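S.K.: Each chain, written out:
Number of protein chains: 2
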Amino acid sequence: MRQLPLSKAYQLLEPGPVVLLTTARKGRANVMTMSWHMMVEFEPPQVACVVSNANHSFAALRATGKCVIAIPARRLAAKVVKVGNSSGRDIDKFAAFGLTKMPAARVAPPLITECFANLECKVTDTRFVNKYNLFILQVLKAWIDPAQRNPRTIHHRGYGTFIVDGATIKLKSRMR
Amino acid sequence: MRQLPLSKAYQLLEPGPVVLLTTARKGRANVMTMSWHMMVEFEPPQVACVVSNANHSFAALRATGKCVIAIPARRLAAKVVKVGNSSGRDIDKFAAFGLTKMPAARVAPPLITECFANLECKVTDTRFVNKYNLFILQVLKAWIDPAQRNPRTIHHRGYGTFIVDGATIKLKSRMR
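Chains A and B supply the protein sequences, listed in that same order. Going by the numbering used here, the first sequence opens with residue 1, and the numbers climb by one from there. Going by the numbering used here, the second sequence opens with residue 1, and the numbers climb by one from there.
Among the hints, a few may not be true.
Which copy is meant is left open, so a pair is good if it fits within one copy or across any two.
Unchecked claim - Once the Cα atoms are required to be at most 35 Å apart in a straight line, the calculated DSBU-like pairs of lysine-lysine come out as: (1) K8 - K79; (2) K172 - K82; (3) K79 - K172; (4) K26 - K141; (5) K122 - K101; (6) K141 - K131; (7) K8 - K122; (8) K172 - K131; (9) K172 - K101; (10) K172 - K8; (11) K131 - K8; (12) K170 - K131; (13) K170 - K141; (14) K8 - K82.
It is worth saying that the hints were derived from the structure and are not from the lab. Nothing here was measured: the structure is a model prediction, and the numbers come from that model.
Using the sequences and the accompanying hints, generate a full structural model.
M.R.: See the structure below:
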């Protein structure tokens, strides 16, 4: 994994990929699948995300205030669905689905080796957690796997239907 | 435009497409380009979005509490960039870029005829506006253009780079 400048972190999340979210509590790591997230600020990068209180990860995220957003490419799609269809209450999803934990630099939750990008995050605002399960995160450190070139991310359309990234187009724009 | 059940609105936004946001104030409509949005609740569908206070649309959205999220397909990409690179302070973007306003049913801001989906929204929570420019919206009515089949949306990766929807894959999943 190579460090990515924090100023570029938004370019990973703004397109709306399905991501994995890792947490850790009492020495035990967990991972869930997440599609409800958005950028809130460029620098330092801040992200809003919704983690349902029905998810086992919710309590760990709220208690520890730390997580990793790991971004999987197309080839991990089947594992991403399995992660989403099971609960850390019942199984160790890393072991069950062959996802490799790698220590993060600034937070206890692990990076995921198979993901092409990993964002270490801390919770910075919990005022919307009770009403919306909405957490505000700050990205502390960003990693990218240079061995995965032009990774195609997946985007969820409901009930197991995903769109895979297609062509890239470049248009003259002044927007960041 | 045909009505879409509100229960399916999330399937349009969850994949993270670039969208257009229309507002109206004092009889004048405006439109901006937006990529920072996410689902917050399935039913009634609630959406969080960030509209920078540097955008001309910000004041109209805050003052009126109404907007339309219009979703463009690939063929509108050049117009979407032009909308993003100009301000309603200076020009009528609908006229300048050939976007057709169509009356909405429940809100004053217009639908956009050329977009394959339009979501009429009202602001339901402004408590995060001052700190994050973050609005919570509820979708009141959803429209889809049945004439646009399998529209490919675009996803922003920064500085005029967009990813176009590629292949659709279906995996066995229990996730909604």
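S.K.: All the hints need checking, so say for each whether the structure fits it.
M.R.: Hints versus structure:
1. Proximity of K8 and K79 under a CA criterion of 35 Å is satisfied in both settings, with 27 Å inside one chain copy and 25 Å between copies.
2. In this assembly of identical chains, K172 and K82 lie within 35 Å of each other by CA distance solely across copies; the values are 9 Å between and 40 Å within a copy.
3. Taking the shortest Cα distances, K79 and K172 sit within 35 Å of each other only across copies (11 Å), while inside one copy they are farther apart (37 Å).
4. Only within a single protomer do K26 and K141 lie at most 35 Å apart by alpha-carbon distance; the minimum there is 23 Å, versus 45 Å between protomers.
5. For the identical chains of this complex, K122 and K101 are intra-copy neighbours only, at 18 Å inside a copy versus 42 Å across copies, given an alpha-carbon limit of 35 Å.
6. Taking the shortest Cα distances, K141 and K131 sit within 35 Å of each other both inside one copy (28 Å) and across copies (23 Å).
7. Taking the shortest alpha-carbon separations for K8 and K122, both the intra-copy value of 18 Å and the inter-copy value of 32 Å come in at or below 35 Å.
8. With identical chains, the CA atoms of K172 and K131 are at most 35 Å apart between copies only, with a shortest distance of 31 Å across copies and 40 Å within one.
9. For the identical chains of this complex, K172 and K101 are inter-copy neighbours only, at 25 Å across copies versus 40 Å inside a copy, given an alpha-carbon limit of 35 Å.
10. Within a single copy, K172 and K8 get their C-alpha atoms as close as 19 Å, and across copies as close as 34 Å, so both meet the 35 Å cut-off.
11. For a Cα distance limit of 35 Å, the shortest separation of K131 from K8 qualifies both inside one copy, at 31 Å, and across copies, at 22 Å.
12. In this assembly of identical chains, K170 and K131 lie within 35 Å of each other by CA distance solely across copies; the values are 32 Å between and 39 Å within a copy.
13. In this homomeric assembly, K170 and K141 come within 35 Å of each other (Cα to Cα) both inside a single copy, at 28 Å, and across copies, at 33 Å.
14. In this assembly of identical chains, K8 and K82 lie within 35 Å of each other by CA distance both inside one copy and across copies; the values are 29 Å within and 23 Å between.
Against the hints set out earlier in the document, no violation occurs for any number.
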